[in-house]
Each structure stands twice: as C-alpha cells, then as structure tokens.
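Protein chains in written order, with the numbering used here: chain A, 1 to 704; chain B, 1 to 704.
No lab work stands behind these hints, which were simulated from the structure alone.
One thing to keep in mind: the hints can contain errors.
To be verified - Just so you have them, the derived chain A footprint on chain B, three or more residues with Cβ under 8 Å:
1) 372-382
2) 393-400
3) 524-533
4) 539-553
5) 616-623
6) 671-679
To be verified - Cβ pair distances, simulated, as ranges:
7) A:Asp447 - B:Arg555: 41 to 49 Å
8) A:Gln565 - B:Gly201: 31 to 39 Å
9) A:Val325 - B:Val325: 26 to 34 Å
As the list claims (entries may be wrong) - One-sided and incomplete, this derived list gives chain B residues near chain A with beta-carbon spacing under 10 Å:
10) Val190
11) Asp193
12) Ser385
13) Ser388
14) Gly405
15) Leu409
16) Ser491
17) Pro518
18) Tyr519
19) Gly536
20) Thr628
Don't be surprised by glycine CBs; every beta carbon is placed ideally from N, CA and C.
2 protein chains.
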Amino acid sequence: MILLYFVIACGVLSIVYAIWAIQSVMAADAGNARMQEIAGAIREGALAYLTRQYTTIAIVGVVVFILAWWLLSAEAAIGFLIGAVLSGAAGFIGMLVSVRANVRTAQAASISLGGGLEIAFKSGAITGLLVAGLALLGVSGYFTILTQFIGYGPTERVVIDALVALGFGASLISIFARLGGGIFTKGADVGGDLVGKVEAGIPEDDPRNPATIADNVGDNVGDCAGMAADLFETYAVTIVATMVLASIFFTGEQAITLMLFPLLIGATCVITSIAGTFFVKLGANNSIMGALYKGFIATAGLSAVALALIVLFFTGWGTVFTSPVGPSFSGGSLFFCGLVGLAVTGLIIWITEYYTGTNYRPVRSVADASVTGHGTNVIQGLAISMESTALPAIVIIAGILASYGLAGLFGIAIAVTTMLALAGMVVALDAFGPVTDNAGGIAEMADLPAEVRNTTDALDAVGNTTKAVTKGYAIGSAGLGALVLFAAYTSDLHFFAAEAAPGTFFDGVSVDFSLSNPYVVVGLLFGGLLPYLFGGIAMTAVGRAGGAVVEEVRRQFREKPGIMQGTERPDYKRAVDMLTKAAIREMIVPSLLPVLSPIVCFFVIYLIAGKSNGFASLGAMLLGVIVTGLFVALSMTAGGGAWDNAKKYIEDGHHGGKGSDAHKAAVTGDTVGDPYKDTAGPAVNPMIKITNIVALLLLAVLAH
Amino acid sequence: MILLYFVIACGVLSIVYAIWAIQSVMAADAGNARMQEIAGAIREGALAYLTRQYTTIAIVGVVVFILAWWLLSAEAAIGFLIGAVLSGAAGFIGMLVSVRANVRTAQAASISLGGGLEIAFKSGAITGLLVAGLALLGVSGYFTILTQFIGYGPTERVVIDALVALGFGASLISIFARLGGGIFTKGADVGGDLVGKVEAGIPEDDPRNPATIADNVGDNVGDCAGMAADLFETYAVTIVATMVLASIFFTGEQAITLMLFPLLIGATCVITSIAGTFFVKLGANNSIMGALYKGFIATAGLSAVALALIVLFFTGWGTVFTSPVGPSFSGGSLFFCGLVGLAVTGLIIWITEYYTGTNYRPVRSVADASVTGHGTNVIQGLAISMESTALPAIVIIAGILASYGLAGLFGIAIAVTTMLALAGMVVALDAFGPVTDNAGGIAEMADLPAEVRNTTDALDAVGNTTKAVTKGYAIGSAGLGALVLFAAYTSDLHFFAAEAAPGTFFDGVSVDFSLSNPYVVVGLLFGGLLPYLFGGIAMTAVGRAGGAVVEEVRRQFREKPGIMQGTERPDYKRAVDMLTKAAIREMIVPSLLPVLSPIVCFFVIYLIAGKSNGFASLGAMLLGVIVTGLFVALSMTAGGGAWDNAKKYIEDGHHGGKGSDAHKAAVTGDTVGDPYKDTAGPAVNPMIKITNIVALLLLAVLAH
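Next comes chain A alone, as it looks inside the complex (with noise of 0.2 Å):
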C-alpha cells in the first residue's frame, strides 16, 4: 500500500507545478493601463458570475449531501462533497489564473509570438494539471483515509459506495458548469455577433459593441471553467469505475493489485504530462500547432514507456489475473489495453482535426456552400455535422473490441482509463484556447498595433482547432467511460442480486438484459430521447439569451447615438448582468433532468412489470443514451467546429473575403454552430455520465 503514497504525492506535485506556474504567469507584464481596465473587466464579470453559480450549485449540492448521507452513509456524502468541491476548485483557479493570463498574453504577444504562445500555454497547463492531479489526490486520498486510516477493507460495498459518491459530486458539478456556462458564452457570442458582426458591421471584440466583455467573460466561464469541470468528473468517474470492477471481477490480492493499476496509470500519466509541457517550444517553423502537438506526443510516448514500467515492476508481464467471473488475461494485456486507450485518442484527434480544420474536404465544402447563401451554408454544415460521427464512432467500435478481446471488459476500462490519463495534457491544450481569445479580444479593445491582434489571431485560430480536438476526445472519453459505467451497474446488480438475504430488496430479481425484452427496447427507447430533449432545451435557451443580448444591444446603439461614433461608452457590465441571470436561471431544469430520469425510469417500470424488468429498463435506458448522446455530442462539436473555421478561411481572402455574401452566410453558421459546439454538444457528456452514475447509487441506495 505504499504505493497509494506515490498516487498522492503525484497528486501533490500536479499542485506545486501549478504553484509555480501561476507564480511565473504572474511575474509577466501586464501591459498597459488600458488593457489593465479592460482585463479588470473581464476578471471582474467571470468571478462575479462563478461565483454566483457556484452559489446555486451549493444549493443543490447540499440537499444532495443531506440525501446522500441519509439515504446511504456519511462515508458516501462526504465522498460526494470531496468530488463536488475538487471539482469546483479546479474549474474556479483555472479561471481565476486564464483572466490574469490573458492580458499578459496580450503583452508578450506584442513583443514576440514565442512569449505569448509561452504564457497562454502555461495558463492552460496550470488548469489542465490541476484537473488531473486534483482528481487523482481526491480518489487516491479519499481511499486512503478509508482504508488505511479508518481501515475499512478495500473491496467493501462502503469504500465502493463513497467512490461512487465522489464521482456523483463531480458529476453535478460539471453538468452545471458545462451548461451555465456554456449558455453564458454563447448567449454573449451569439448576441454580439449577430447585432455586431450582421447588423451594425463592426468587428469582432470591437469596444463599441456593449457585449463584448460579456464575449470575453464567456470565454473563461465557458470554455475554460466548463470545459475543466467536464474533464475532472469524467477523470475522477472512469477511475472510480475501473476500481469498482476490479472489486467485483476480482478476488483478494488480485482485486486489490487491479484497484491500484488505474490509480498508479493517472499517477505516472501527471509526470509524463508535466513533463510534455516543456516540450511546448515555437520552432524554427514557427508553427504553433507544431509546438503543441510536440508536448502531446511527448506525453503520449512517454505514459507509453510509463505504462510498460507499471506493469513491468507493478502487475508482472506475465502474471495471470483470474476472475471467477470473467476471462483471465496476463499483465501483458493490459498493457497493449492502455495502448488501444493511447491510440483511440490520437486517432480522435487526427479525425476531429480533420473535421474542423481549414486545409481538409468538409471545411471546404462549408466555404464553398456559403457562396450560395446563408440556408447552403447551414445544410452543408449540419450535413458535416452528421457525417462526423461515422468516423469517431468506428474508432470507438475498434477501441472496444481490441480492448475486449485482449481482458475482456475490464480491458476496455484500463483502456479508458490510459486514454483519461493524457487528461493533464489535453486540458492544457483546450485552456490555451481562452486565453489567446481573450489575448485577442483585449488587443482589440485597447486599440494596440495590428501585429499584435495578427499575432494573437495566429494563436487564437490554433486555439479554435484545440479547441474542437479536446471536445472530440472529451466526448469519446466520457462514451467510453460511460460503457464502462454500465458495465458497473450490470456487475453491480449481479452482486446485489445474488447476495440479497431473503426478504431484502434484491431478493428474487433475475434481470433480463436481451434485446428481445421489451423492456429492454422501451429502456433504449427512453434514454435516447433523452440527449435530445437535453440538447433543445439548451439550444432554446441560447436562442433566448442571445435574442435577450440583441435587445439590449438595440436598445443601447438607438439610446445611446455616441456609441457607434466611439464618443460614448456603452454599459458593458448590464450585459454581463443579464446574461448571468439568464445563464443561473436556464441551466436549472435540464441539469435536473439526468438525475431525475433514471429514478422515474426504474419506478415506472417496476410499478409497471415488476423489479427485474425495472432493472432491465434502467439499464437499457444507461446504454440509451449512451448511443444518441455520442452521436449527438460528435455531430454537435464537429459540426459548429467547422462552421467556425469556414468563416476564417474565408475571413482569410477565399470566396470573397470579409464583407462579401458568402462572409454574411458564414457568420450565420459561425452563429448556429456556437450553441451546437459550445453548449449543447458538450453538455451531453456530463448528461451521459450523469444518468449511469445516478444509477449506480440507486442501486447502492436501494440494497441499503
């Protein structure tokens, strides 16, 4: 058990790397006084508004600590405030460090394109480590104390049951986040654009467009806090979920060897990570993409070596794990398990890159489309954005296949598991984004030279194609993930089932997983309605909050003459304002919709055809959404990632260039992919992850 020891001084030291990146960020220059105001505005506008959400969410999260500790164990409810507040940490300092990293991006980027590559990198890897390493010292330490300190036995249903709690916590966390902000940031983008870009003709970030900090603040809430929120709970769950596997297929030492391995993979994964970063250098090529990808493929080669290393020293290559359960399979597997895992992720990259990138067909084929008009554009983006899952979706297939065939199901969890592990790094990427747009933006508005903004832009275009890259892993991931989840609750129900005393809630249940029970069918049915329904909801409520911008945009312009003239300042801060009570007030009832259903789920049913046929259904329902949520998660994320780059290929001098026809019509598909990409698309991962969580404590709730 020494080893647990190691896992939380990785843990530790993702935490003094970010120390000490934050000190060096902040040891920048922070420009000059103007771009000082308008930085304090932006910092100003997303801690007020995180801060508000953060207060709701505690809300809700302490009625569920109050449930949880009732309804299961305090062991559980303190599980889940450990996940909840990590989580929300990770998010909240990420934040608080890009709006500080911006503007000195800013800066550095208006002396060398080198230095603001540097700060904006540095910025995203303190976030993006800090979700890794944070998720990994809550799951580890969490264990430790209940093992080591209170000494309870590791396979224990109690330890089970408070891991699980902790990836609830994380859960809500994130479905909160991801939406909030999400309709945060596209409300003020969406609004902004249209009453900008369309109607009034002004740029993009322009000072006279009164919703342009609220763009920038979105940015941040969105982009990065969202996005870091996501990463953590899907982290901290497959982790969760490959441990409870191990529990359950596995049997003394073995199962305790097996509950180590994904703690001891995220453990050395944050070294490789911390390590990729300094492999982050501008070439001689300047290439910025270059750089990137450099630290991305440093890292994966080595948590390759890594992985190899662990099972080498750790699990022996040639020892074989029996489950008496399941297929038994040699050290050796799993590593070319955690293999799969690295190769399902580079292959998502290369194909979401693919994409949504300016030089390939599909991006193209949108440029081209706008030419005809705005209703061409948007049918050759939504049709792009449906062809993009055929892709992703076989390389998943192949994922869980290999992995299957090599250890059976508990393969395709250390595959997920390896793939998570590159989350420290991946982040990093993702975090970089928000931070050279908000580079750009503060450029814009405190008017420095045109170099500058052409520097940050070549920074800001690779952010917009990271961007898309960590969606597609993101949402891959949480699929897999989810899988994993479910296979969970299957083995779950099978250990409840089949240790039920007489009497007891699981006595008698016998489930019947067979596609050819109807049950099962209604269950596939209900789930996959689900992401839909999700996904409307938060679609309106952009449509809504957008609108609600180009009043207020309107109203200012028509009251307020001096704007336009630049004699006038508008009131960034009332768009601010209403786009943070727009955002609180529409992520209520959707986040409240994956937890609720799978609870109205297993009660319909079981009023219906009995407790088997429930559990049936339920299950049925996890898998459900899993399929649509995957396809409309891909389609969603690719599709608004390509209308946004077939408008800066042709903002780049094609098809007419800025101002022209074919720009018009490739604003309005920039302007319907933001809600697509950055909202809804995103949201069903945590949505996906969520409903098979929530499942797995019912089960606990239920057999207590």
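For this one, chain A is given, so just place chain B on it according to the hints.
Only chain B this time, still in chain A's reference frame:
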C-alpha cells in the same frame, strides 16, 4: 381459406375505386391553354424523371432478383419482383394522376374552394388507396398462390421467405424513390428559393424563375411518388412481419388464424378508408383541415368497429391463443391492441400538428427568433426539432408497453398493423398536398386572378400541415414496424438454431443478446451511426443539387437579361434535366448503405468473435438503427415543418410580414428545413426497415 379471397376482393375493390376516381378527376375541366401548357411541362418533367429513376432501379432490381433466385429460391425471387413492381406501380400511377389533377384543381379553385378541395383530395385518395390496396393484394395474392395453388403449407419456410422477399422488393424501391425524389424536389426548392426569393426578390412560382417548373415537378416525384413507395413498403413489410411472427409463435390452426388476422385488418380497413373519403366535404365553416379530419376520424372510427367485428366473428372474443414460446392471450386482447394502434396514430398526428402548426408555441418561437436574424431562427428551429422527438417517443413507448402487456410481442405487431391499415386514408391526406402546391404554381404562372391564388394558397397551407402529420405517422409506424421486424429476426434466429442439423451453419449457434455482451454494444453503436451517416450524405446531396440550381439560374439571369423584365422565356427544361441527372447519381451510394451494412456487420464480427456473436451484433445493429433513426427522422421532419410554417406565419403579416428582415431569416430557416423534412428525414424510414429486412433475408440465405 375462403377469407383469403375476401382479402383479395378488398384489394381489387381499391383498384375499382381508383379507376372510378381517376375517371371522375379526368372528367373535370382542365383550364385554359396557358394552364395546360404549364401543366404539360410539369407532367413531361415528372414523367421523364420517374422513367429514368425506375430504369436505374430496375438495373439494381435485376441483380437482386438473380441473387434471390440463386441464394434462396424461385419463390423468393418472384416475391421480390412482385413487391418491387407493385410498389413502383403505386407511386407511378399516383404521380400520373396528380400531374393531371393539379391543373384541374387550379381550374376548379377558380370557381369554388369546395371544388378545388374535391379534386385535390380525390387525386390524393387514388394514390392512398392504391398504396394500401396493391400492398394488400400483393401479399394476400402471393400468399394464396403459394398456399392454395402451389400447395405449400402456410407456415413453411419457403412461403415465409417469399413474403419477406416481397417486403424487400418494396423496401428497395422505397429507399431509392424516397431519396431520389427527395434530392430532386429539394434541390429544386432550395436552389429556386435561394436565388429567386432571396437574391432576385421575386415570389415563389414566379414564371421568371427558371427553376420553377423543376420545383413543381419535384412536388410530384418527391412528395407523391416518394411517400407512396415509403408507405407501401411499411404496410407490406409490417403485414409480412406479423404473419411471420404468427407462424413462429403459434402452431396448427391457431397459427393459420393469426396469419390471416393482419390480412383481414388490412382488408376491412380498405373498405373503411373508401367510406372515409366520402366524409371529406367542406362544412359550413369552410374549414379545409376540418373536412380532411372528418374523413380521417370517420375512417378511424369505422376501423375500430370493423376490428371488433373481425375479432367477434373470426377469432372469437374469448378464444384463448396459446403460444409454446410466448404468453397466451384472448381474441379480445387483440381488439384492444388494435385500439392501441389507433390511439398511437391519433396522438402522433396531434403532437406533430402541435409542433408544426402556426397556432402553437413551437412555430411561433421560431417566428419570434427570426426577428433577431438568420442565426437565431436556425438555432431555434434546431432546438424545436430536437425537442419535438420527446413526446412521440413517449407515445411509442406507451404503445409498446400497453400492447405488449395485452398480448406480448404479437400484440405489438397487431397494434402496428392496425396503425398501418389506415395508410390508405393517411396517404390520401398527404398526396393531396403536392396537387394543391402545383395548383398554386399553375395559377401563379398562368396569371390567374389573385383570388384563385388565395384559394389554392389556403389549400396549400393545409397541405403543408397534412404533409408534416403524415411524415410523423410514417416514421412512428416505421419505428414500430421495425421493432416487429426485429422480433421476427430474433424469433427466426431462435427457430433456425433450434432446428439446425449437425454440421449446418446454424448448428451450435447460441446468441447472447444481453446488453452486457460487448458485441451487442458494438452493434448498437454501429447501427446508431448509420442514420447519421446516411442523413449527412443526403443533406450534402441536396446542398450540392441546390447549389447547382443556383448557379444555373444565375447564369440564365445573366445571359438572358430579358427574363427579369418578362420579355424573354427562361429555359425551364435545363433545370429539370440537370436535377434529374443529379438526383439519380446521388441516390445510388446512400441507398446501398443500409443494404450492405447488415452483411458487413455480421461477417466482420463473425470473423473476430464467431457466429453467435456475429448474430448478436447484427441484431443489436438493427435496434441501433431503429433508436437513432427514429430520433433523427422525427427531429428532421418536425423541425422542417416548424421552419416552413414559421415562414408562413410571418408571411401572414406577423413580425413585419413579407419582405421584412424577419421574413428573410425565416426563408433561410425554411431552406434549411427543406432537405431536413423532405429528403433526409423521410428517407431514414425505409433505411431503418431495409436494414432489418436484409438481416431477415441473410438468416434465410445462411440457413439455405
């Protein structure tokens, strides 16, 4: 077996009705010379297109015919031929009538609304009753030949295979017709609208627009012939699948009784549908929708009575049917299953009207969103399209639960059969749409007085709603029908595995359809991606065809400046020819996707993980297609309808009316909705069923 002749007689009755109605339509006044000239151009274009489409399909058909003969039997090949020919005939004759009824409707509308309604509806009823009648005649006639003349036993495999092959013939026609027709009609519509309404600022159907004849041709080949082939297929396939289930679940006399039962439902509903057409009469309040609904309600009510009579006199109310492999149920239960089918139909129609009618929140929210621009209109439309899937899915779930509770899987089959038995009436409501749409076009182009156009517009607006409603019905029934096919697949598999002689293909096959089998999960994901990929390809095709029309129209405007002044005639024929080629070319690959995917899925998993897992994956793939296909299709058709009517709502004078910025945004939304609701969405229907029926045939081939 005397009852078989009653069923055949009912099929013949529908043809007699069609002949009578055709004569009655043809006897009407065909208008002035200019009107006849325009109608002639539309007729010529439609005939040219359909001839070319069916010639192309015939080539594929001959290949399949030879394969069916070689791999299965002469009986199966001939069954395939019967299904294909009759399905093609229903669409072709319907189209021939509707291209003659259009000009007569325009002429009649110049005298009275009631007169226009009568001709348009009668023309729709011809298509509707030919669909139901020919499908019934095909299935019952071939069944009679095989069992009464050739002397096979009704439950022999050769009979079952031949009937399934008949369904496959219908399916193959239907996917090509839906997709080819859909690409043609929406390419013309999207292209024509973009360049006409948005760029040149001329109204729809303006004779100066070179794409206007193509647009009218499209209404006939897409909405009329395409929908006819689609519902012919669902009807035939569902009745066949119900018969297959009866032959598998039951033995002896009971099997034969229950095989005849769906045929009797279809037969009596032909009579009730014909009776219902006579209830379509304009009341004192001049409500067109009211008149149509009167017909539908009369048919539904009479069908319920007919169902009760069948149960009373044919099966017996209290007779208990005992299945060796499923639950027992009474004749009375079957009556209630039929009622469930009627209730599902009614509810789906009502929900679709809510989501696509101008009187309710969804359409109005899209219209409201148009005020703030193109982007918000599209966002809100997409939001509504996603949201609109929830209630129909819940209705379908409730239908499954209720009918399964009453009579097991066979109960679900009877509910769907009853739902589809109304197809004659429902298709009549749908095929009424293109006729009135065309009538409006002819009135516009022939410069008839404004009142005539107002009358045809009133008919057309109702046609839009009935088209949307019919699509909801078509998809709901297709989804449920596919579940019956899936049940037939699992039952067939069970049957083949149980009967397998040692050494034959099915020897030792034992399929685990449980969701905890990863090959099932893989199948679900693979099936889930098909509607997305297919939808993406279809949307791209329409975008490409529409873009080509825009280029062509722009070229004509540029090269013939007299067109816009009205001094020069546009070259209508070129647009029609161009679209014909484009539609035929683009329909091939996507149509083969659902035909080949089941085969690929089975053999890939067979090679990796053995026969049993291959069958498990294939089965799961079928359900995966149903789950995502249902949501993709429902969301597309309802969303498209909402966009269309939001535009109409604005044109009625809200938010600034025609020509306002809100109207421009609404036209963009309508353009996006066009391929959604008329190409990709409805074509998902046949693709869902074709995958299922190919899987059934694959089993038959492997067993052979």
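Point to revise | Enumerated hints in conflict with the structure, sorted upward | key: none
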